Every structure is written in structure tokens, then in C-alpha cells.
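Chemist: Residue numbers (our numbering), protein chains in the order written: chain A, 1 to 378; chain B, 1 to 378.
If you are wondering where the hints come from, they were derived from the structure by calculation, not from laboratory data. Among the hints, erroneous ones may be present.
What the hints assert, rightly or not - Some chain A residues judged to face chain B by a derived CB distance under 8 Å, without partners named: (1) K36; (2) G41; (3) H78; (4) N82; (5) K335; (6) S345; (7) L349.
A quick note: this is a predicted structure, and the numbers were derived from the prediction, not measured. All residues carry an ideal CB built from backbone N, CA and C; glycine is no exception.
Number of protein chains: 2
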Amino acid sequence: MFKILKKSKTSQARAGVISTQHGLIHTPAFYPVGTKATVKGITPAQLNEMGIEAVLCNTYHLFLRPGDQVVKKFGGLHKFMNWQKPIITDSGGFQVFSLGLGLEHGASKIPAADLEARKKRNAGVEKFTKITEDGVYFKSFLDGSKHFIGPEESMKIQENLGADIIFAFDECTSPFSDHEYTKEAMERTHRWAARSLKAHKRKDQMLFGIVQGGEFKDLRLESSRFIGAMDFDGFGIGGSFGKFRKNVKNILDYSVEYLPENKPKHLLGIGSVEDIVEAIRRGIDTFDCVTPTRLGRNGTALTRKGNLNMKSGRFALDKKPIEKGCGCYTCTNFKRGYIRHLFQSGEMLAGILTTIHNLYFMEKLMCGIRKDILNGKF
Amino acid sequence: MFKILKKSKTSQARAGVISTQHGLIHTPAFYPVGTKATVKGITPAQLNEMGIEAVLCNTYHLFLRPGDQVVKKFGGLHKFMNWQKPIITDSGGFQVFSLGLGLEHGASKIPAADLEARKKRNAGVEKFTKITEDGVYFKSFLDGSKHFIGPEESMKIQENLGADIIFAFDECTSPFSDHEYTKEAMERTHRWAARSLKAHKRKDQMLFGIVQGGEFKDLRLESSRFIGAMDFDGFGIGGSFGKFRKNVKNILDYSVEYLPENKPKHLLGIGSVEDIVEAIRRGIDTFDCVTPTRLGRNGTALTRKGNLNMKSGRFALDKKPIEKGCGCYTCTNFKRGYIRHLFQSGEMLAGILTTIHNLYFMEKLMCGIRKDILNGKF
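Build out the structure end to end from the sequences listed, making use of the hints.
Modeler: Here it is, written out as C-alpha cells:
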């Protein structure tokens, strides 16, 4: 259930609450990503301490390992990973793309180096994925084994995983796909949306439909109208948008054009501060992205004044916290010079402390925006 | 200051309290090792939650990186690593051995694979260390740069690091050294002990002398008599001992033979459960070892029934905690099947959760032994 508490007068921004079986999500909200049923390097106790309300896990990865059947035997993801607050799972469609066709197009979100390694490893494999009306045949990124996921399978897997919010199965097209192919894929996604709705049995889970259409205005409007008219509990916006700019109409605007106002809207995989702010202006309620955790592990700290490279020698003697005034465990207990030493020494705690800061930073960013919306100041 | 609260009637075991500037250490105690000013993967908050009272850091590593001068600029190790309870630093002697001469003898505690890699990397370097009456010339394991540490330098470095308990500079001989060389090294260690005592200025730090003498009974007795007669605040027993056996006199017995009863005794680098129990019988109060953390990171959990390989497929569907009845964060919140999944997936949290369990296991082991001594049941 979604309740809007306050709407901005100057934009489509709103503050609200999503109620789930495992508690409330106050929106706008950012979901840390726990791809394989763990937010990398962070315990659930630490997530709780930061005030984080929900995490997003990846259906594709968990389907392959440990397997949704295994997770089900543990009583679902909440019990498996010991996270008692809301969990969201994506549909698997994006990973099937990014670890499959996206590789062939070189358009995946995977870092270039990994991409090359993966391409080499898979040399001789003719195609990673084969998309049919039924669904997607693909090879495991782990061992090359063959699998199939269609809308019915995605629903079954997500029911086994047992998240509070799940997504309809979609085809995420490559930004390099042309209008013709993107239209074809979008229409297939629409048919899959209907099949997902029909196949979904667990009514304690909210099911979100996904708007696609690539970077084409007409397709985005069409997808928004089609998916928006269906009986979903909320909506996800998938695919790529280009850069959002203030007061400039964007693919995202067309994507939400016909979505019902009273339902929650999730922007899949977008996590930069600028993009989040612009997306909230356009009526987006929730976000997920690996960026804050990935950056943190690799030595980049998010601050209000921009990113800091914590490995830099200029921090060697710096007695300041990562960010002055930040209330996170890292900033209230450790100095930049220590964190720099940990990165230089290849210590696990380096990535842990910086990830804690980055997730707290995102959480506080969202709390601040929410407060501004509630106070009519956004 | 050290106070013995209770002595065992059937052995030399005792329960006591070491008072330091940063609080109490209840003995027998096990110190987790935080080589580079961090217990790998574990936050100070997590250590506190486990009830851990003290950690041991390595002088050699911190001297090389970030440098004791840098740590001093941060106000010492306690402030640098945000650990407000007691800290112990070793003298650097063991690492000069294990990363130097020990390599040449193939007798270092470094895993064989690392050893080979390190030997190759250093191929062409004629000698890693050169020991003179003044001290030790050695090459950094980080970059091959040349350094010198003698007793006066070790004291200065350890004063800059600012631990509560520090050690006299010693030469730790290889188990492959003969009687003649071991005797020569021991006598040098005795002269260095006198110089360490003389050079040590910070009276807020307890200074421990180190008994050496290899696996030779006569040398151990001689070292014990010599070092035990000096005005140290406590004593460390260094070097190798062979396997301890119940009711069988061992090199460790000769090492403590002449040490004053009313001072604390630390056994350097020993951490197996069996050895700890036998060493406590012989009057040892405190221990440090990387084993619980190293094993935990690499997938081995300590339990009362022996070690568990958490990577094993037999745990895939196991809903039990690592150890039934264990009160640690890991065992009260996560199941073996989940931890196995994390190891299989190469997730940081795998090593973190297993390390937490292992350190808690050691802490509870020591608490149990202490309680038994206090109740006259050890």
C-alpha cells in the first residue's frame, strides 16, 4: 500500500509511505543493493544502525546461486540474510541483458575490464542470450550452464525468494538498439507484463510493472500508457534515459507521463545524487543502485562537496572525518588519515568504513529531501 | 600493574587482572591481532560487542606503514584506530625474523605459497637481514627499502605508537638454528633487553622482557633466569616450543622456570585451543595469535567440537548456527547455509561473520577458563 503524505507545489515531487509485510518505507527512499543476499561487507546490524529501511536483491544472481529453491527452504530472503525489514527483488531482466546481449553490444553496465575478461572467458560461445516470445534462454555467468526465464518463471522465482516488492519480467534493451528493435522488445515486455500479473499468486507481495522504450519518446509514452493502465501495485522505469537536466523534458518525463499518480514509482539502477534529485522532481519515489557501495569498496567517498578519493596521499595526515558534521559510524569514529592508511594497506576495513559512510550519506540525502518536501521547501 | 586473584591448586594456572592506562585486562586473556592497526574486517564496535578487552598490533608493520611518526601525529594507536581499550605492541623482532632470516631458512610462519612468492619477488637479494650487536638491518617486505631497528629504535617506535604494553627488542631464532647460534642470539637478546629497559622512557607503558633460547632446555633455563631477574613489568615467551603435552615437561616449562610469579606472562603467537589450555597450566596469562582471524577469513570456524569448513557443500541447506548455544552476533542471527552461500559467492560478509564467531569463541573460551580457575575447578 502506498500513501502520499505531501506533494510539492513546484514539481511532481512527493513524500509518502509504502507499507509492506515487513514494515514501512518512507519515500523518497534509496535502496542499497544486496545482489547476492548481502550488501557487500556490511552486516544487517550496521544497515539498521544507519536507519536504512529496505534493500534490493538481484533475482538473476540468487536464481543461479544459491538458487531460489534453496532460499525458499530457509523461509525466504528475509530469514536467509537476516534482514527483517522490506526487501525488493528485480525481475532478472536487466541482468539477463547486462550479462548477456549487453555484452555483445558492449553496452553493459559492467566495467570495461571485467567485460573484456568475460568476453574472453566466453569466446566461442556464439550467443549469451536468446529471446523468444516465451522468455529468455541464457547462459549462467558463473559456469555457462543453460537456463530459461520467462514471466511465469520470474514470478515463481521471486515468490520463492519472498521479497515484499517484486517486478514483472521485462526485456531491457541496449541503448544501441534501433527504434524497430526497441519497439518490438517493448511490445514483448508489455505482453510479459500481462503474463507476470496473471502468474503472480502471492498477494503479500507487491508487484510492480516496468516501463521500457529505450531512448525513444514515442515508445516511452506508449509504454507508460500501456503499463500504467494495468493493475500493478507500483511501477518501475527501466532502461537508459540520457542525462537528466533541470527544466528540460527528458525520456524519464515521457516514461512517467501516464502512470497513475497514486502508485509508487521506482527508477531502476540510477543512483547519482544529481539524477536522484532530478528524478524526484519528476515524481520518482524510490531508487536502487550499486554505486554508493561499489564506490565505497573501491576508495571513493561521497560528500556534499563531491567525491573524495580516500586513497590519495593528501589525506595521509588528515585528522578530519570523511565529512564534517556527518553522523555515521565512520565519521564519528575515524579520521581520513586512518582510512587512507587502511586502503593503502589493502585492509578490508577500508572498504567497510567507506561503504558505511556512503550508504549513510545516501540515507541522509533522502531524509533531507523528504523533509524538504514535507515542509514545502523542495 | 598485575594482580593475581586466584591460583589453581593443581597447576600453575592463575586468574588475575592487568591494569593499564586504558583499562583492565582480565587474565587469562587472548588478544586478537590487529597487525596494521585493524583486526581484519572487524570494526572496534564489533570487538567491543564481543567483550574483547585488548588487541595486539605489530610494530614492524606499523613502523613501515604508515610509520610510527604518522601514528604519533594522530595521538597514538588508540586514537588512530579508535580502540580505547588496552593495546599491546610486539617488539618487531619476530617479524624481522619471519620476514627475513626465517624466509631464508624456510621456517617462517608465513604460508608456504606466500613464502614462495615472496622468495621469487626477492630473488637476487642476497640477504634479507643482517644482525649485528647494534641491532638488525633489514629490507622492507613492502618495497625492499633498507631499515635498521635496534633496542633503542624499537623502544622509540613503540613509544610513538603508544601501546599500553610493549616488548623489549629480541632476536627470534629459527627452529633450524643450532645450539651455538641459538645461544649467541639469546645472549644478544639479553644484552638488548638491558638496552631496551634503559632506553624506555614512557612510564605509562608496561615493558615486557622476552625469554628466548629456541628448543634447548639449558638455554631456556638460562634465559628465564637472566630475563626474570631484570626489572620488567612482565614477560613474553618467544620462539618455538614443539607441542605441549599434559603432564610432560616442555620447553615452555623451562622458559618460565625462573620468572617471578607475581608478574604477567605472555606467550607470543600461540593460539590453538589445546596449546592455550596447556600453557595456562604452566602459568601463562595472556596470548595473541592471528589464527582465529586468519581461519575465519578463509572459511574455517572454531567450535568446541573442532574446526568447521564453512565452504563445504554439506552446509548448503543447514539451518543451524555455526555453533549451537553460541551467543555471538553471527550465531544468533545467521545460519550455516547462508554463511556457506557467502563463501561460495566470494562475499566479504562471509569472512566477517566467521571472524566474529571465531573471536567470540576465543573470548568465551578464555572467560570459561578464568571462571574455572576462580572457582577452583580448572
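Chemist: Taking 8 Å as the limit, does the beta-carbon of N82/A come near enough to a beta-carbon in chain B?
Modeler: holds (5 Å)
Chemist: When the nearest CB of chain B is found for L349/A, is that gap smaller than 8 Å?
Modeler: Given a least distance of 5 Å, the restraint on L349/A holds.
Chemist: How about S345/A: closest beta carbon in chain B under 8 Å, or not?
Modeler: Holds, about 5 Å.
Chemist: Holds or violated: H78/A as interface residue toward chain B, Cβ cutoff 8 Å?
Modeler: violated (12 Å)
Chemist: Is the interface hint satisfied for K36/A? The criterion is a beta-carbon contact with chain B at less than 8 Å.
Modeler: Holds, about 5 Å.
Chemist: A closest beta-carbon separation below 8 Å is what the hint needs, so does G41/A meet it against chain B?
Modeler: holds (4 Å)
Chemist: When the nearest CB of chain B is found for K335/A, is that gap smaller than 8 Å?
Modeler: Holds - the Cβ of K335/A comes within 8 Å of chain B, reaching about 7 Å at its closest.
Of the numbered hints given earlier, the model fails hint 3 alone.
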